[in-house]
Amino acid sequence: MSHVFSAAPVAPKTALWMRGAAALLAVALLGGTGSAMAQDAAKAGASTASAEPAPKRGGTLTAIIQPEPVILTAALNSAAPTGVVTGSIFDGLVDYDSKLNPVPALATSWETSKDGRTLTLKLRPGVTWHDGKPFTSADVKWTLEEVWKKIHPRNQATFAKVISVDTPDDLTVVLHLSEPSVAILSSLNSNGAQVLPKHLYEGTDILNNPYNNKPVGTGAFVFKEWSRGNYLVLERNPNYWDKGKPYLDKVIFKVIPDAAGRAAALEKGEVQYGVLSPVPLKDAERLSKLPTLRVSTAGYEWLSPWLFADFNVERPQLKDPKVRQALAHVIDRNTISKVVWFGFAQPATSPIPSTLAAFHDAGGISYPVDLKKAEALLDEAGYKRGADGTRFSLDVDYIPYGDDFKRTAEYIKQALKRVGIEANVRTQDTAAYTKRVYGDRDFDIAITWFAAFSDPQVGVSRAYLSGAVGKNIPWTNGSGYRNPKVDAQLTAVQGEADVEKRIQIFKDFQKTVLTDLPSLPLVELKFFTVEAANLRHPAPTGDQVYGSFRDFWFEDVKAN
Amino acid sequence: MAALAHLRRGFVQIAFVVLGIAIINFFLLRLAPGDAAQVMAGEAGSATPEYMAALRRQFGLDQPLHVQFFSYLKNVLTLNLGYSFRQGLPVSELIAHRVGPTLLLMGASIGFAITVGGTLGFLAARHAGKAADTIISILALLFYATPVFWVGVMLVVVFSVALDWLPVGGMITIEAGHTGLAYAWDVAQHLVLPTLTLGLFYLAIYTRLMRASMLEVYGQDFVRTARAKGVRAHRIAVRHVLRNALLPIVTTLGVQLGSVLGGAILVETVFSWPGLGRLAFEALFQRDLNLLLGILFCSSIVVVLINLAVDVIYTLLDPRISLGGTP
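Chains W and S are the protein sequences, given in the same order. Counting along the first sequence from 1, when you hit position 281 you're at 281 in this note's numbering, and nothing is skipped either side. Counting along the second sequence from 1, when you hit position 145 you're at 145 in this note's numbering, and nothing is skipped either side.
Because the hints were derived from the structure by calculation, they are not lab data. We put the CB at the ideal spot given by N, CA and C, even for glycine. Some clues are possibly wrong.
[Unchecked claim] Footprint (simulated), chain S over chain W, 3 or more residues, beta carbon under 8 Å: (1) 62-72; (2) 205-219; (3) 236-244.
[Unchecked claim] Which residues of chain S face chain W? A partial, calculated answer using Cβ under 7 Å: (4) GLN58; (5) ASP62; (6) ARG86; (7) PRO90; (8) SER272; (9) ILE313; (10) LEU317.
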């Protein structure tokens, strides 16, 4: 029974399964998540193969939101739940297709000047905020200058090169850059760069503005009600710029804190949509076999999440790259993806995930499982086995986002034992974890995941830039790795306009960090979406997880 | 008069106890590593020093501890529960919003437990040693020993998913938009499973307690006297035994009501019930100290008030007990 899972629908293996699975549709399937996924591919395939019927109006979509968002403005908080809810309330300047190319949304076109220092965006005419005021270039300029550059946790870096913004007319925004900045175009969707209504925010205390929790956006759905700890209601925007859309009357997000409760609600049809792996991995397989549900891993390309283990390079045992390389030869990424993550992952070979195809290149450096070599490297580094067979002991901390992360830590403990390293797995809550790793630096090995986003400058650089080490800023450089060469490379890519040169720098960077190995890439995570089989929509965009429900509709409106 | 003096003394004591609890809570909660800004930055998946500083400034966490403490103390003394920066709402509003569902769930389940559990205990005691007693005792032991969340999940699997009789979770069917009686009926349907789950656990306690307590009273002289006088068995059980056996029940009830505001975190989580327990639990993980302190403060007031109420109820049940000390 194979568990191999391929994200690409054209991969021959998947295609084969699709045929097999299609034949077995509605029959109990072969075990294994791989086949379960294939069945979903087949379900989806069947719908696209036949002539696409006209979307039907009406119905209420009930979706899971878990955990509950903190605020409803992704421009101020880049946490996932906020992104999921606000994707339908705020349209982005662009959306991203599954290849991560920008497609028009609020911006109809964009143009970078030859020297890469001017970016001109043309906005869509006739778009209004939910309160009826027109959406104009002034909103974009104000949000960029006051929110993205000053408050947004990621965009301060992404938009750092913007020195001024011109608005020659209501529908044109011109960004003037001190240096070319390619990464901007990969962060312009609703989640990456959410535009706020200037007329409701200007001159207020932005972080405490009441509209943060009752947002006024431009999107397909209008915020209606938020009952804390309970549910959120959005209603159809009758004045949406894309006439005839959205098709749904209402969207309800239910807060369902218990994983078993979420699985039961999906199974019973009380909720019809859940993103970001809403149920435990082993339930996903069971649910995907139900004729009423579909499980798919599309729509997360923009996130490109990867799981890795940071080695604290300031610890005496882990100071020597030889020791870190030895550990890499012991930890089997294949086992982690197939056994620990039930196939909802694929082995990572580089900190730049393979979904960022242009940049991804391990440069021929790999660490296949090789216990002999690992033992030799450890001996060479001066850590011989003691009388009891033990070389030294380490603590392993993991981000407490669920059982899968804990099992990863437990697997690493087992693996290290084989070469005489005793590991002790420690558990704590999120606040204690981030303080330990990014503040106190009181750890040996820390397991966590980052989103790489569609440009490594946005998501990967932060794990290796030395500026933030020990400053208690979550999701930065946890290993404590300080390499002036890497710092210089990661700074150079920010202002490099030549796409090829930029890619080359990132390739050199991967070679360096894969040799020094301050952090070991473990697996590329595959988040999944569970949705009702009668819920229809075009193929998910690359950022569908934070996208809009504007194109969603029910085959059988009455059923809801 | 003695009773009134006792009550007055009680209220003065309450004020000090509550204030003391508030102060201890304030310092105790600050022992947890990390702060709210860190949690928010952690959830955001990205952060910069400027972003963290802006959050800390917004939350007032950049102030020295003694400044934070005195402003908290001032708030407590003016009965102002403060503001939850994380949720962007006043703490009192958050609590007010959640207290209804919590009271409903706890009231329903304790009511269910005490009536059914009390009755079962009563029956078991009357038929002590017989088959009925054995069956009831085994059932009670079973409910008592089964983990609450497991019972909850099983009830959902059977009654919601398989039989489709009752909703999986939540408190209302939001999309239906019910009002009036339909709304009440809708809430009642949502209430059944969480009430049963929580109630079955409490039920076991009351059954065992009632049985033990009645058996103890049965062994006393005045019951033997009543029997000798030829009073009917049923009348003995109700008039003589039950009433005397109620005292320990009231004590337990008082203890349980005291934890009402804490809610039932597990049951609220399994059934997505929007209650206070979950609010407190999440506030702890989010280091939302203002909110957590507010909930703890309200809970401590409820606990001391209920203790006082239990004292009063004792005197009503048993005329030999009085509030003012020796009669």
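Does the nearest C-beta of chain W fall within a distance shorter than 7 Å of the C-beta of SER272 of chain S? For SER272 of chain S, the interface hint holds, since the closest Cβ of chain W sits about 5 Å away, which is under 7 Å.
Have a go at the ASP62 of chain S hint: is there a Cβ in chain W nearer than 7 Å to its own Cβ? Violated, about 14 Å.
Between the region 205-219 of chain W and chain S, see if three or more residues pass the 8 Å beta-carbon test, and mark the coverage as holds or violated. holds (count 5)
Less than 7 Å between beta-carbons is the criterion; does ARG86 of chain S satisfy it with respect to chain W? holds, 6 Å
Was the hint right that GLN58 of chain S lines chain W, CB cutoff 7 Å? holds, 5 Å
Holds or violated: is there a CB of chain W closer than 7 Å to the CB of PRO90 of chain S? Violated, because the Cβ-Cβ distance from PRO90 of chain S to chain W comes to roughly 12 Å (cut-off 7 Å).
According to a criterion of three or more residues whose C-beta lies within less than 8 Å of a C-beta of chain S, is the region 62-72 of chain W covered? holds (count 5)
Given ILE313 of chain S as an interface hint, is the shortest Cβ-Cβ distance to chain W below 7 Å? Since chain W brings no Cβ nearer than about 33 Å to ILE313 of chain S, farther than 7 Å, the hint is violated.
So, LEU317 of chain S near chain W? Judge it on the closest CB pair being under 7 Å. violated, 38 Å
Within the assertion that chain S covers the region 236-244 of chain W, do at least three residues meet a Cβ-to-Cβ distance smaller than 8 Å? violated (count 0)
When held up to the earlier numbered hints, the structure conflicts with 3, 5, 7, 9 and 10 and fits the remainder.
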